[in-house]
Structure formats: structure tokens, C-alpha cells
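There are 2 protein chains.
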Amino acid sequence: MRFKQIFIILTTVIAGQFCLAQTNPSAVVEDFKPSATTQQGRLYPQVNSEGRVRVSIPAANAQKVQLDIGGVKYDLKKDEKGVWTGESAPQVEGFHYYQLNVDGASVPDPGSLYFYGASRWGSAIEIPAPDQEFYAIKDVPHGLVSQKLYFSKVTNSWRRCFVYTPAEYDANTSKRYPVLYLQHGSGEDETGWPVQGKANLILDNLIAASKAVPMIIVMDNGYANRASQTPPQAGAATARGAGGMSAFEDVVIKEIIPMIDASYRTIADRDHRAMAGLSMGANQTITITMNHLDKFSYIAGFSGTSNYPRTDAIDPEVFMNGRFKDGAVLNKQIKLFWLGLGTKEPAPFPGSVAAFRAMLEKQGVKYTYYESQGTAHEWLTWRRDLYQFAALLFK
Amino acid sequence: MRFKQIFIILTTVIAGQFCLAQTNPSAVVEDFKPSATTQQGRLYPQVNSEGRVRVSIPAANAQKVQLDIGGVKYDLKKDEKGVWTGESAPQVEGFHYYQLNVDGASVPDPGSLYFYGASRWGSAIEIPAPDQEFYAIKDVPHGLVSQKLYFSKVTNSWRRCFVYTPAEYDANTSKRYPVLYLQHGSGEDETGWPVQGKANLILDNLIAASKAVPMIIVMDNGYANRASQTPPQAGAATARGAGGMSAFEDVVIKEIIPMIDASYRTIADRDHRAMAGLSMGANQTITITMNHLDKFSYIAGFSGTSNYPRTDAIDPEVFMNGRFKDGAVLNKQIKLFWLGLGTKEPAPFPGSVAAFRAMLEKQGVKYTYYESQGTAHEWLTWRRDLYQFAALLFK
Numbered sequence: 491m492r493f494k495q496i497f498i499i500l501t502t503v504i505a506g507q508f509c510l511a512q513t514n515p516s517a518v519v520e521d522f523k524p525s526a527t528t529q530q531g532r533l534y535p536q537v538n539s540e541g542r543v544r545v546s547i548p549a550a551n552a553q554k555v556q557l558d559i560g561g562v563k564y565d566l567k568k569d570e571k572g573v574w575t576g577e578s579a580p581q582v583e584g585f586h587y588y589q590l591n592v593d594g595a596s597v598p599d600p601g602s603l604y605f606y607g608a609s610r611w612g613s614a615i616e617i618p619a620p621d622q623e624f625y626a627i628k629d630v631p632h633g634l635v636s637q638k639l640y641f642s643k644v645t646n647s648w649r650r651c652f653v654y655t656p657a658e659y660d661a662n663t664s665k666r667y668p669v670l671y672l673q674h675g676s677g678e679d680e681t682g683w684p685v686q687g688k689a690n691l692i693l694d695n696l697i698a699a700s701k702a703v704p705m706i707i708v709m710d711n712g713y714a715n716r717a718s719q720t721p722p723q724a725g726a727a728t729a730r731g732a733g734g735m736s737a738f739e740d741v742v743i744k745e746i747i748p749m750i751d752a753s754y755r756t757i758a759d760r761d762h763r764a765m766a767g768l769s770m771g772a773n774q775t776i777t778i779t780m781n782h783l784d785k786f787s788y789i790a791g792f793s794g795t796s797n798y799p800r801t802d803a804i805d806p807e808v809f810m811n812g813r814f815k816d817g818a819v820l821n822k823q824i825k826l827f828w829l830g831l832g833t834k835e836p837a838p839f840p841g842s843v844a845a846f847r848a849m850l851e852k853q854g855v856k857y858t859y860y861e862s863q864g865t866a867h868e869w870l871t872w873r874r875d876l877y878q879f880a881a882l883l884f885k
Numbered sequence: 491m492r493f494k495q496i497f498i499i500l501t502t503v504i505a506g507q508f509c510l511a512q513t514n515p516s517a518v519v520e521d522f523k524p525s526a527t528t529q530q531g532r533l534y535p536q537v538n539s540e541g542r543v544r545v546s547i548p549a550a551n552a553q554k555v556q557l558d559i560g561g562v563k564y565d566l567k568k569d570e571k572g573v574w575t576g577e578s579a580p581q582v583e584g585f586h587y588y589q590l591n592v593d594g595a596s597v598p599d600p601g602s603l604y605f606y607g608a609s610r611w612g613s614a615i616e617i618p619a620p621d622q623e624f625y626a627i628k629d630v631p632h633g634l635v636s637q638k639l640y641f642s643k644v645t646n647s648w649r650r651c652f653v654y655t656p657a658e659y660d661a662n663t664s665k666r667y668p669v670l671y672l673q674h675g676s677g678e679d680e681t682g683w684p685v686q687g688k689a690n691l692i693l694d695n696l697i698a699a700s701k702a703v704p705m706i707i708v709m710d711n712g713y714a715n716r717a718s719q720t721p722p723q724a725g726a727a728t729a730r731g732a733g734g735m736s737a738f739e740d741v742v743i744k745e746i747i748p749m750i751d752a753s754y755r756t757i758a759d760r761d762h763r764a765m766a767g768l769s770m771g772a773n774q775t776i777t778i779t780m781n782h783l784d785k786f787s788y789i790a791g792f793s794g795t796s797n798y799p800r801t802d803a804i805d806p807e808v809f810m811n812g813r814f815k816d817g818a819v820l821n822k823q824i825k826l827f828w829l830g831l832g833t834k835e836p837a838p839f840p841g842s843v844a845a846f847r848a849m850l851e852k853q854g855v856k857y858t859y860y861e862s863q864g865t866a867h868e869w870l871t872w873r874r875d876l877y878q879f880a881a882l883l884f885k
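Each protein sequence line maps, in turn, to chains W and Z.
Using our numbering, the letters of the first sequence correspond one by one to residues 491 to 885.
Using our numbering, the letters of the second sequence correspond one by one to residues 491 to 885.
Some hints could be false.
Note that identical chains are pooled: a pair holds if it fits in a single copy or bridges any two copies.
[What the hints assert, rightly or not] Using 25 Å as the maximum straight-line C-alpha spacing, the simulated DMTMM-like pairs for lysine to aspartate or glutamate come out as follows:
| # | residue 1 | residue 2 |
| --- | --- | --- |
| 1 | Lys643 | Asp629 |
| 2 | Lys571 | Glu739 |
| 3 | Lys825 | Asp569 |
| 4 | Lys628 | Glu570 |
| 5 | Lys665 | Asp816 |
| 6 | Lys885 | Asp759 |
| 7 | Lys563 | Asp805 |
| 8 | Lys523 | Glu739 |
| 9 | Lys825 | Asp629 |
| 10 | Lys785 | Glu861 |
| 11 | Lys523 | Asp660 |
| 12 | Lys665 | Asp751 |
| 13 | Lys568 | Glu540 |
| 14 | Lys834 | Asp759 |
| 15 | Lys825 | Glu540 |
| 16 | Lys554 | Asp565 |
| 17 | Lys567 | Glu807 |
| 18 | Lys856 | Asp565 |
Just so you know, these hints were derived from the structure itself, not from any lab.
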């Protein structure tokens, strides 16, 4: 939850500057089109070439209707038919959650598709990116995304993961595959990567172009509470993460990995197992993989590190129980340590990732650093991370 | 679209009678609980033992907030904190789409999960049924539900289907399986059966109890437009179905079945291929299977028949080009012809299905008729249909 709160506060400040700049309606470029996240058959929400989001909703008796995006609320205007329409300031390219506000009620836009993020199912908009081809659906062989249900003894609950198998998987019934465990961020769930993350399409395109080796990707829910903990109460969404790190670590190590190795044709060793995650999932990935280097040899943190939210210098003697003390040993064990960050991400991410990188450099730990140009703490950054990172895996 | 309009009109009349009866708030039983379709961490929507739906939403500046369910709008009341709360008359057990209305804006309930139905993504509520165990998640082996993307030359578009494979499928790599093609209704899509229809859990439970043979289930989108047709325009949702029947028939026969037989371990003959559908999907099923009895031997219409919406006597000489003329021949070809209906379904379904049954009986065509007690034109009826029908397949 902390990630999201800090993000909202900071983007309010940033977007507020855009907002002040948008005083002349004639400056709005009138080339709006329905978005990739607009429901089929609906005209709105729309996006224009500037990245402005335009919404429209009938609300004949409302006094005030607003578009709430990036932490800024934009007033809509009512026409003679009682339809409220208006647009935001230009948004950074990529994927953004938003909502409407009708006389004080914060609600999803009835015209948009819905996604899980910001700890709720709600509206989101896709601002087209110049490089959108890498995650577009193309005339290439497509893998499957399968929903797998399993009972977790650690949490005493039914859980769900999504598993990507490459297009060739069901034809090559004797071939075994390496596995990438891929985690979402705070306030998101296991639907993040297969839906807004477009992990399947990214891998389909990479594999078809021979830029990545065929691999299995497992996308699970990063929230876990031990069976012995008080279960989260309705209305207490923040309780979902309580005590979650060590419980989730046990779910991954004791339950998910053995289950995947038993039910899919995996190559079940550390040389063929990777873990990556974004934001909260990056923190989880670094913690879990560094605690279990016998099980992983590829590690990636997209827009997050395990010192989050701190930005001060890291003391490797005490940080994470000294896991980073011996760079030479780590360099022999870790085939690839990847860190990524968007250039428009808010604090504390730049500072936090910088402090982590400085620690790695001080310790002589080799790592690859990727900067996503012009993107924020959102899914375009993470799609690019996956595209770049997956191309380097298991080679 | 016609199905839905008629349904809304009729339920308005029916539910209006309940509404008039509910004049005394003290009559409401105060045992409300969050529904199976309430978002995790939210308190509302709730359901009580009478089947009333209670919603609650902060809207400090609104003048009027309503719950819109079953074609009836129920006024909510505002408390001193600006939170609007209220409940509906008792609803029939099962799965119902609904929305909120805030000063004239029809919007999803921010507290509910979202489903595709009524030609839009929006809110729905589950009124618990006494027999809900048959579609509950249980400690039994669970099959996978896989998302398969494919390019359709018939429609010149990318399409998606969901494929259920039984729990044993990936362990028995030389065994082949029969296939049920299972279709949704008007205003719904390929997510209907795997999400609100709970087709996977129903089959998991049936197979674990040895009540059904392990089978593959393919759930596709019943809307199709030929590539030569003008594609549907944004804002013209009703155009989706234009010319759809023959296009969808070609998609099923020329594209989906060959694709499934090529990519899954199917038994690719008529003895091991079934088709079933609900409402519009029932109409499609009867039309497609009767046109292709070389490919199907099991046929089921849930809450629908191919004479819809007519309720007058059917002349088998002309109906569907005389496909039902020779009952004796059909009885040799069709292993099971199943029809189902809920006892609380609105017109024209009871009359339309009755006319179809009368025609079958007149022609001496054997069929099995199932009545779902106390359920409407909604998913509880269809879950029960699937549970009963699947148990009879491929035996």
C-alpha cells in the first residue's frame, strides 16, 4: 500500500503542473480515438495524439462530474442532453488506472475495460507508445495462458496462478523448458502480467523472432497470509500484505515451484529457473532469490529493489543479513542480475534503486541496468523490462 | 440483443410486484453478508437470507442514488456521512447483473467484481443457492482453463477461446479425449462459461466423483462477422450480431473444430463431439449441429431453441429446411438431444421451448427435458444444465 500512496502524492504534484498549463481548450488536438482499453462498442474513453484522455458519461441530474487520473481531478462539462464530457492534461505514454467522480461518488468508467490495480478492480487507459509493436498481437504462433488452481497449506486457502506455455509446448511432448517466475506489484494481483502486462504476447513475439528461448512463465499472487495469522477482514484491504513476505516466500519455495515442476515439463534446476518482479514484486524477487540461490540463477527487479523505500547508502555487512557481502562468490552463482527503471518514475524509486546499484558496485556484483525512456511507474516500463530481460534468459 | 430487451421488460413487471410488497423496512432480515462477487476487502455489495441485495456507496453531493437490478430501481438513503445505502426486494437465487445510478449516471458498483453480460462489462451479484456445492471449489483435482488466441480467416480478426482440460490431461500424455463445445448467450462472450458459468469447477467436481467422463470443453465467442461485412462501428454494439449466425457456423465448423483437433488430444469423430449452448447459444447449437450431424452426436439447448422467439406451432416440413422431418433417422444419429429450462424464466422462453418440444414429440424425436426449479433466465439455471448434461455425455 505504501508504494501506491507515495506514487499518488508525487504524481499529483507532477501532473498538477501540466494541469495549470492547460488553460486554453483550443490547444486540445482534436484527434481523439477509442483506446485499446475501451469496451467494444463504446465510443469513450478516448485518447488523442497528445496523450490526453477524454471521457464522456450521461448524468443528467449531476452537479459535478470529474475525471480522476494521475492524482488530478479534471472537471467535465455538461451538454444540453445531460452528457458530461472532458479531457485530462497529456498523460505519459503507457497504462494508467483512473476513475470517474459523480457528485462525490468515485466509480469506474462504464465505457472502459476493468483491471486489477490500485487494490481494486477499476478503469484504466492505454496511452499508445511508439514501440507498441513489441507487445501487439501478431501473426506468429501463440502460446497458451492457463489458469491453475491449487490449495496452499501455507496460507490454508485456494490460490490461483497463470502459466504461460510457449506455442510449441503441446507439440513437443518430450521437450522440457526453463521457467521464469514473474511477479506483479503492490495493489495488483496474478492477473497483472497476463492482462495489462501482456507477458504472453511479448514472449510470443520474442520467441517467433528467435530473440528468446521458449520458456514457461508462472504468474502468481504476491499476497499471502499464513494460516496461523488472522485472515484479512472484509474492508481491511491493507491487511492482505501483513506478514506477507515470509509467507509468500514459503508459498513460492515450498508450494509453487514443486507444483510447477510436477505438472509441467520443466528443467527443474537453478540454471533454468529465473525470478523477476516489479515494484513490490522486485523487492520480493530479490529477497526470495538471494535467500535461495540454490534454486535461482537469474534475478530481475523492475522498478524496485529490496532496500525500498530507503534511499540512503546500504551497509552490505548488515543489509539482508549480509547476502551481498561477497561479490566474487555472487558473480559465480548469479548468471544475470537485472535492474530496470523508467526515467519518469517518482521518488523514492530513483533514489532507492540508485542506492541499491551503488551497493552492488561497491561489492563488485555484476548487474545489467536498463532505463525505459520517458515512462513512469507503470506497465509500459515493465513490459519493456520483460521484453529486454527475457531475451537474455537461459542462454 | 432481443433476448435481453425482452427479459428486462418482463422482469420489470415481475420484480415490480415484489417492490410494492416491500413497504416496511423492519421486514428486512438483518443477516447481510458480502457476496461471492464482492471484491476482496470490500464490505459491499451484500446479500441476506431473503436474497435481498444491499449496496453502499459514498456520494456526499448526490441528490439521488439508486440500485438498478432486475429491471427495478431501488432508492438508497444517505446517512450523515454522505454514504448512500439501501437494498432491493428479494431476488431469485442465482447470478444477476446490476448497476448503480448516481444522479442519472449508470455506473458499475465500485465494490463488486465485474463480468461480461448485458453487452457490457459491469457488476453482478450471486444470490446463494441451496445446491451451490456442485459448483464450489473443492479439494479435488482441478483441470486447467487455457486462453487460446487464433486468427480467423472467416472474420479476418483475432479471436479467443477458453479451453478446459481435465486434471488428468497433462499426466496421461497418450490418452485422447472427447470434446464439448459450449456457448454463451446474447450479450455475453467467451468469458461467460469459465467465469460466471463455473464450467471448470462443475466438471472438476463431476469427474472427481466419477459422474462424468474426463472431457475437453471449448468455450468460444458466439459473435462473428464475415470479413466481407462492414465491421461493427464503435458505439454500435448491436451490429456485433449482424449476419452472425452463418459466419459463426463457419468459424465453428471450418476453424475452431479443426484447430482444437490439431492442438489437443481429441477423439475427432462425431461420437465424441458434443455441442451445447444457452439462450442465443442454444439457438446456434441446434442450428449448427443439425446442419452438421456428421460432426456431432450430442446436442443441448439450455433455455433456448431454434424457433426463438416464436411460440406458435412448428411445421416440421418447412422449419429449418425440414431437418426434423424424419424422427426415426434422427434417433439413430443423435445420441442425446437435451433441452433445459428454469421454472421462473420469462416469456417467450417457456412458450418457445414448449413449441419446440411439441414439434420433437410430434416427429417422434427422442429428447431429455430438464427443469431447473425456482431459477430464472440466468447462470444458476445454466450451471445446473451443464452439471446434469455433462454427466450423460460420451457414455
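Okay, the hints, checked on the actual structure:
no.: 1; hint: Lys643 / Asp629; in the structure: between (42 Å within a copy, 12 Å between copies)
no.: 2; hint: Lys571 / Glu739; in the structure: neither (55 Å within a copy, 41 Å between copies)
no.: 3; hint: Lys825 / Asp569; in the structure: neither (60 Å within a copy, 60 Å between copies)
no.: 4; hint: Lys628 / Glu570; in the structure: neither (43 Å within a copy, 54 Å between copies)
no.: 5; hint: Lys665 / Asp816; in the structure: neither (37 Å within a copy, 51 Å between copies)
no.: 6; hint: Lys885 / Asp759; in the structure: within (15 Å within a copy, 43 Å between copies)
no.: 7; hint: Lys563 / Asp805; in the structure: neither (42 Å within a copy, 62 Å between copies)
no.: 8; hint: Lys523 / Glu739; in the structure: neither (44 Å within a copy, 32 Å between copies)
no.: 9; hint: Lys825 / Asp629; in the structure: neither (33 Å within a copy, 39 Å between copies)
no.: 10; hint: Lys785 / Glu861; in the structure: neither (28 Å within a copy, 55 Å between copies)
no.: 11; hint: Lys523 / Asp660; in the structure: neither (39 Å within a copy, 44 Å between copies)
no.: 12; hint: Lys665 / Asp751; in the structure: both (14 Å within a copy, 21 Å between copies)
no.: 13; hint: Lys568 / Glu540; in the structure: within (23 Å within a copy, 40 Å between copies)
no.: 14; hint: Lys834 / Asp759; in the structure: neither (37 Å within a copy, 57 Å between copies)
no.: 15; hint: Lys825 / Glu540; in the structure: neither (41 Å within a copy, 60 Å between copies)
no.: 16; hint: Lys554 / Asp565; in the structure: both (7 Å within a copy, 20 Å between copies)
no.: 17; hint: Lys567 / Glu807; in the structure: neither (59 Å within a copy, 60 Å between copies)
no.: 18; hint: Lys856 / Asp565; in the structure: neither (50 Å within a copy, 63 Å between copies)
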